[in-house]
Amino acid sequence: MVLSVAEALGSRAIRAARFLGKMGVFLGASLARAAVPPYRVHNILKQVHFIGVKSVFVIVLTAAFTGMVLALQGFYTLRKFGSEGLLGSAVALSLIRELGPVLSALMVTGRAGSALTAEIGIMRIGEQIDSLETMGIDPIRFLVAPRLLAFLLSVPLLTAIFDVVGMFGGYLVGVKLLGVNAGVYLGQMESSVVLGDVTNGIWKSLAFALLIAWVCTFKGYFARHGAEGVSQATTSAVVVSSVLVLVCDYFITSVLL
Amino acid sequence: MQVGNDGIRAEPDTRAPEEWICKPCSVGPYTGAKREPVFRLVGVEKTLDGRKVLDGVTLAIPRGQITAIIGLSGAGKSLLLKHMIGLMKPDRGQVLLDGVDINRLTREGLYETRKRFGMLFQGGALFDSLTVFENVAFPLREKTDMPEGEIRGKVRAILRKVGLEKAEEKFPDELSGGMVRRAALARAVVMDPEIILFDEPTTGLDPIIRNSILNLICRTYHEHHFTMVMISHDLPDIFQWCHHVAVVHGGKVVEVGTPEEIRGSVTPFVRQLVDGDIAGPVQMM
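Chains as they are written, first to last, in this note's numbering: chain A, 1 to 257; chain B, 258 to 542.
There could be a bad hint or two in this list.
To be verified - Here are the computed distance ranges between Cβ atoms for each label pair: (1) G226/A with G313/B: 28 to 34 Å; (2) D385/B with R15/A: 30 to 36 Å; (3) V247/A with G300/B: 44 to 50 Å; (4) H225/A with P525/B: 30 to 36 Å.
Rather than coming from a laboratory, the hints here were simulated on the basis of the structure.
Don't be surprised by glycine CBs; every beta carbon is placed ideally from N, CA and C.
When you get a sec, could you build the whole thing from the sequences and use the hints?
As structure tokens, this is what we get:
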């Protein structure tokens, strides 16, 4: 009995180690292909358009309402302490340090990451990836590397858009709706945000971009068992990426602070 | 010439029959045994999900001939093909291409070697985001420095040969099964490979389209004398379209020979397979 439990645990541990090793090797291969020329500029731009440009609308919408609700909550909380004047800095710092990178990453995961997994997964089960291999074309270089680079380019830019739109949303609610002085709101924002906050946000968004691209391409690349397999891979990619973004956010924050 | 939706001629073909009727057996007597084989699989073993799917396969593929690999579904035929092109690595054994073990090649060496191959997958494996033209042009654009004008000329010529000149702007999901296979065949031959592997090129097609695909494969063979390896379930028809047959069963090659030899085999399993008998060593129900 004890032996069989130990055996089962050991077997699970070996499987987990193999899986993590496979993911590690995949990430290494993807980064190596992405770093070494020739770069597929056309492919990269096409992916930037899909991941970045097509995500702008959802990012703007999410950012505006996030900024607005932050201002609303922040105003009533700060008023208890007679510190409504700090609303600008509260909104700006929350967005730049935390909410901008995290929410942008989550939105991009849902919109582009899932589509990416499904697209690569369908290519896998339709033998299109094997077909690339038989033509002597490295599928990781052809499919994964351009998407990885596109994520690394797009997510920080989307985060920047999120931050700016979020602060504007906060301005609308804080200044126009709740009557905070515009000069105080913007002045507090300017005086409290330092370059370090912005660079921290950029580092976070780069890390999240790498994470999403890695998980979503990996899940699609190794999808199996037909349409159901692709559907499971897509769900799993979104769930794992989202959870990892939040987990990594904690660790990155604790290192950067 | 008028071509229907599926690319099948809508009016009688005015060409002389010898121009388009292909009879591979008419190329002469089987001489594969005298030649150095292009492929040699030696004791290839592969286990997947705890099941031994290839159990010491030893097989030689003659150069410049059409070899058919036949067997029951799930016998490991497609895996065998994937091992030949290096898409899968055996747990044991060797896959020798002109005497070189392809599993010992570096990645770059393997990709270089694959320039010698064309492969037609069971479902065509066309890139669904590209048109028929772009699919066929894809290997030329990716793997050669050929000017775009030459690429266009070459692709159009091949599409004309497979009867898809009017479908070049269509996407794979707009094509019928037969058209997909023909487009895939065009893509497989566009790089002028020495070896073409076919994974069930006619499965799921009606008899007329099936014969048109086999005819096309055969015509391509007559023009270029590529080495061809074809997995097929079209028994006994396939015997008319190949020079050499290998029978796979239980992860092993159980018999090889000319179509006549396989047709006349006395091995119980081969007899059952060729005749399609329910009774025999393999009981399905």
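To see whether the hints hold, each was checked on the structure:
At roughly 30 Å, the beta carbons of G226/A and G313/B sit within the given window of 28 to 34 Å. For D385/B and R15/A, the Cβ-Cβ distance of about 33 Å falls inside the hinted range of 30 to 36 Å, so the restraint holds. Distance hint for V247/A and G300/B: a CB-CB separation of about 47 Å, consistent with the stated range 44 to 50 Å. A hinted range of 30 to 36 Å for the beta carbons of H225/A and P525/B is consistent with their spacing of about 35 Å.
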